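Asks: What follows is each chain in one-letter form.
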Amino acid sequence: MADRTIYIDNERCDFCGTCVAVCPADAIELKESTILINSEKCTLCLNCVNVCPLGVPEVRS
Amino acid sequence: MKNEYDIVVVGGGPAGSMAALKAAENGASVLMLEKDREIGVPVRCAEGLSDKGLQLVLGQVEPRWIAQKITKVQLVAPDNTVVDVMTGGQMGYILHRKLFDYDLAAMAGEAGADVVTRAYVYDVIREGDKVKGVKVDHLGRKTDISAKVVIGADGVESRLGRWAGMKTLTKMKDMDTCVQMTLADIDIDPGTIILFFGHQVAPGGYAWIFPKGEKKANVGLGVSGAYSGEVKPLAYLEKFVDEKFPKAKVLTLVAGGVPCVDTLDRIVADGVMLVGDAAHQVNPMTGGGILNGMIAGKIAGQVAAEAVRKNNVSEKKLRKYSSEWHKKEGRNNELSYRIQQVVNTFSDEDLNKIAHTVNDLPSEKRTIFQIFKTALLKHPKLILDIAKVIGSG
Chain W
1 MADRTIYIDN ERCDFCGTCV AVCPADAIEL KESTILINSE KCTLCLNCVN VCPLGVPEVR
61 S
Chain L
62 MKNEYDIVVV GGGPAGSMAA LKAAENGASV LMLEKDREIG VPVRCAEGLS DKGLQLVLGQ
122 VEPRWIAQKI TKVQLVAPDN TVVDVMTGGQ MGYILHRKLF DYDLAAMAGE AGADVVTRAY
182 VYDVIREGDK VKGVKVDHLG RKTDISAKVV IGADGVESRL GRWAGMKTLT KMKDMDTCVQ
242 MTLADIDIDP GTIILFFGHQ VAPGGYAWIF PKGEKKANVG LGVSGAYSGE VKPLAYLEKF
302 VDEKFPKAKV LTLVAGGVPC VDTLDRIVAD GVMLVGDAAH QVNPMTGGGI LNGMIAGKIA
362 GQVAAEAVRK NNVSEKKLRK YSSEWHKKEG RNNELSYRIQ QVVNTFSDED LNKIAHTVND
422 LPSEKRTIFQ IFKTALLKHP KLILDIAKVI GSG
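These protein sequence lines are chains W and L, in that order.
Under the numbering used here, the first residue of the first sequence is numbered 1, with each subsequent residue one higher.
Under the numbering used here, the first residue of the second sequence is numbered 62, with each subsequent residue one higher.
These are computed hints drawn from the structure, not numbers from a lab.
Source: prediction; values computed, not measured.
One thing to keep in mind: the hints can contain errors.
[Said to hold, decoys possible] Derived coverage of chain L by chain W (criterion: at least 3 residues anywhere in the stretch with Cβ under 8 Å from a Cβ of chain W; other residues may be distant): (1) 258-269; (2) 363-376.
[Claimed, not checked] Examples of chain L residues lying across from chain W (beta carbon under 7 Å, computed): (3) A287; (4) S289; (5) K293; (6) P294; (7) A316.
[What the hints assert, rightly or not] Taking lysine to aspartate or glutamate and the EDC-like style, the derived pairs with C-alpha atoms no more than 20 Å apart in a straight line are: (8) W:K31 x L:E99; (9) L:K159 x W:E32; (10) L:K414 x L:D140.
We treat Cβ as the ideally placed atom computed from N, Cα and C, and that holds for glycine.
Could you build the full structure based on these sequences and the hints that come with them?
Replies: And the structure:
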């Protein structure tokens, strides 16, 4: 998708999975202490950016 | 861990453990998989529930689970008006979820279920459009485990339903995003839980103080996804704690999402069932999910074992679980969701007025029922909604 991607800093993430639940593209994978965004699937809808209780996901170009 | 079971339960929280327990008790071979290294950790929960509810669901309350007995509930309006709610002698608890979840998983194990942690389910095994088991990453080793029924108790972040072709996406407006700190060295009344309302405190949600002993409490808040944006729940909580407990020591900080919505339309498919947060079974008004998850888990485990015994795990057969859930709690949740949606539209002024009206009542009449009645006077249409739900019962 385009030249912008969602970046998640694993140092700041609490791995609560709230973003996974609202991702319409099923593009987020949460293991115990790792979160991965599949940029092929991501549509940049920004739900994860808006929903995160800690404000971790960021849009980066 | 074998490579074949009657029933695989994905997720080792209270809903998963109850499903595993009931399935094993009813004669099925059962495996419960937990992705984290430890059952019950991290605790993404305010840990409160009612004594009556726990007795009904489990039939026992072990003293070691109880961090604090609760005898009083206070609601605080945006203008700081305090409403003491008459609880009618009903008692609640703040649990040690870590010990509670441990014991529930151990009970499932004692009933014969296998329990494995650090086991991450990354996909389902499919034959045509049917689910025939799960693909597991256990300590870095990938294994296929076949099962007649897979029960998804995989929490708010559940993906199992999606993989089985079910629509499980949570809408942004229905997702309450929460942050909680466990604070020490604070002055509180340990027997009282306090809920704070208002757009400055927690828009579309509430802040809570749930005591865990003399000087400790879970202090957190949830903000409705309808109000999500620039100011994050963490910022609201930092402000709240600075104001109420400036000298507090912070023992834990956790984040989490709560789907505050009624149950998913479809919680079963051929060989698949969803329970707990994965099925959106939280009470949408309170955000409480422990007991509802356990109730659903019990029904699902029983129905799954029966379906395996009769060698018919079709969606139609498993629907016995969804209809029993609907009768038991699902219908209440529909009503709670409608009420919660209206309450969400109340302004701070509305909330203040409701608090003042309730406080004008004699103290013995300040029940949750009266508070609703007062709120209903502002929104008479809600009475029709409630009548419809009760009428259909």
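Asks: Now tell me, hint by hint, if it's right for this structure.
Replies: Here's how the hints hold up against the structure:
| no. | hint | verdict |
| --- | --- | --- |
| 1 | 258-269 | violated (count 0) |
| 2 | 363-376 | violated (count 0) |
| 3 | A287 | 11 Å, violated |
| 4 | S289 | 5 Å, holds |
| 5 | K293 | 4 Å, holds |
| 6 | P294 | 4 Å, holds |
| 7 | A316 | 4 Å, holds |
| 8 | W:K31 x L:E99 | 13 Å, holds |
| 9 | L:K159 x W:E32 | 17 Å, holds |
| 10 | L:K414 x L:D140 | 10 Å, holds |
Violated hints, listed in ascending order, are 1, 2, 3; each of the other numbered hints is respected by the structure.
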